[in-house]
Amino acid sequence: MLGLITVGCVLLITIYLIISGLPAIREIGFVKFLFGKRWASTAAEPEYGILPFILTSIYGTAGAIILGVPIGFFTAVYLSKIANKKVRSVIEAAVNLLAGIPSVVYGLVGMLVLVPSIRKIFSVPDGASLLAAIIVLAIMILPNIIKVSITALDAVPEEYEDASLALGATPVETYFKVSVPAAKSGIAAAVVLGVGRAIGEAMAVMMVAGNVANMPSLFESVRFLTTAVASEMAYSSPGSLQRNALFSIALVLYLFIMLINAALNFFLKKDKEK
Amino acid sequence: MSEIITTKDLCLWYGDNQALKNINLAIPEKSITALIGPSGCGKSTFIKTLNRMNDLIPSVKITGEVNYKGRNIFSKDTDVNELRRDIGMVFQKPNPFPMSIYDNVAYGPRTHGITSRVKLNEIVEQALKDAAIWDEVSDRLKKNALSLSGGQQQRLCIARALAVKPEVLLMDEPTSALDPISTSRIEELILQLKEKYTIIIVTHNMQQAVRISDNTAFFLLGDLVEFGKTEKIFSQPKDKRTEDYITGRFG
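Line by line, the protein sequences are chains A and B.
Just so we're aligned: the first sequence equals residues 173 to 446 in the working numbering.
Just so we're aligned: the second sequence equals residues 95 to 345 in the working numbering.
Simulated from the structure, these hints should not be mistaken for laboratory data.
Some hints here could point you the wrong way.
Unchecked claim - Below 27 Å or equal to it, Euclidean Cα-Cα: the simulated DSS-like pairs (lysine-lysine) are:
(1) K290/B / K223/B
(2) K187/B / K442/A
(3) K349/A / K288/B
(4) K288/B / K102/B
(5) K253/A / K349/A
(6) K170/B / K253/A
(7) K356/A / K237/B
Said to hold, decoys possible - Distance ranges between label pairs, derived from CB positions:
(8) D273/B / F438/A: 57 to 65 Å
(9) N433/A / D173/B: 19 to 27 Å
(10) R165/B / P343/A: 17 to 25 Å
(11) D173/B / I254/A: 14 to 22 Å
For each residue, glycine too, the CB sits at the ideal point set by N, CA and C.
Assemble the whole structure, with the sequences as input and the hints as a guide.
Take a look at the structure:
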């Protein structure tokens, strides 16, 4: 019965998004909306192209994954296989704490520390940029990646590792050639979870990315799919094309999340089959 | 026949619990030595000491010596990985890696730096033939090893151990998880392997010890009670405790 409430909510949101997201797409034109390079919703002759947002979200997420996954992965291998109990419990507590920090705090710290540092280090006019967003996102997805990977690595049967060691492989060889391959679908699930978290994040990136609708470039101010919706919602008038277009952006974001979820389910199912 | 492994006053503790007490044993080369005794008598602990797999358990403390080819394996200049290459191990439960049959056997040689495809093919084929499983798997080397039956998995594990060309093969109750037919195939295999390898096998099954081993060591509560020719141990045991055990009075 309670399960039905959840299913009902999901259905309701899906239907609502489709109904309210489609009109603007139809009015603007599917291709022009998705692949238009200019977003100027408040100009005298408004244009509604969301390609900058889509690409920013993809690049930002990809950047966070490239930066966050190796760090998270090696941390997980270290904690699961090498670290002694004491070290592990201390670092795990820190990771859990990292997971619990509200995203607005990430944004705040990023704004006060990261943005000025980027401006100084790379001598660019404004530090609020895609790079700042990538770094913040990379840190935000770390706990997810570490925790899910650790669970997968801990579940690798000890017999596999014993067999490898008994063949004269070193412990490190054993972890990377036997344990990690045996845990690979769990680790893949961790990465997908990280992608989901990164692409859906709004608050922190809004505070550090500059929030200007440019085509993405590392040191330019950019706007993500999430922040595009959040930043204009407050002043768009109900029923206007601008507001409807925001719903359409939300629909696009929703489709991305759906895709990621499908990928996640695929990996988890593969994990179970073994 | 010369002795390949000798132990001198070998003691081992798990924390405060002494699991091996002054074990002195000399294992002859290219023979089968069976270790028998009731559960918890230290025979598995003993076998795991010989390739230093006990190093992995943090609370273990060891005194005394184990000499492999005249060198103490606990001395500082012993390379543990090299030692484990020379002294292979087959476990109680078949534990093939979740990869293809080929990759399972090639794992050891690859780890030790062999990359040539031709060479690997050769080693894999030879190891599978030596483990008497080649005919059953030669047409499906790319299949996942976990798709094999339990008995086949165990012979694959033996092939995997043989692929690194060890001198000694430690077997920790290798047939206890298998059905009688698979068990007899593995026993036949062990008898064949004796020509090239020294085999030390832990077994719960006294008939098995009689069938395959040349020498038998009887362990009880961490003591080595008796060691000698298998037919002697089972026909005229010197120690009363050995006699009680092999006649089934306890254990």
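Quick rundown of the hints versus the structure:
With a C-alpha separation of about 14 Å, the suggested pairing of K290/B with K223/B holds against the 27 Å cut-off. Between K187/B and K442/A the CA atoms are separated by roughly 24 Å; this keeps the pair inside 27 Å, and the hint holds. Taking the CA atoms of K349/A and K288/B, the gap is near 31 Å; set against the 27 Å cutoff, the hint is violated. With a CA separation close to 25 Å, the supplied pair K288/B and K102/B stays within the 27 Å bound.
Distance restraint check for K253/A and K349/A: the Cα-Cα separation of roughly 13 Å lies within the 27 Å cut-off, and the hinted pair is therefore satisfied. With a CA separation close to 25 Å, the supplied pair K170/B and K253/A stays within the 27 Å bound. Restraint check for K356/A and K237/B: satisfied, since their Cα atoms lie roughly 18 Å apart, inside the 27 Å limit. A beta carbon spacing of about 37 Å between D273/B and F438/A contradicts the range 57 to 65 Å that was offered as a hint.
For the hinted restraint 19 to 27 Å between N433/A and D173/B, the CB-CB distance of approximately 49 Å leaves it violated. The beta-carbon spacing between R165/B and P343/A, approximately 23 Å, falls within the hinted interval of 17 to 25 Å. For D173/B and I254/A, the Cβ-Cβ distance of about 20 Å falls inside the hinted range of 14 to 22 Å, so the restraint holds.
Figure legend: structure checked against the earlier numbered hints; hints not met, in rising order: 3, 8, 9.
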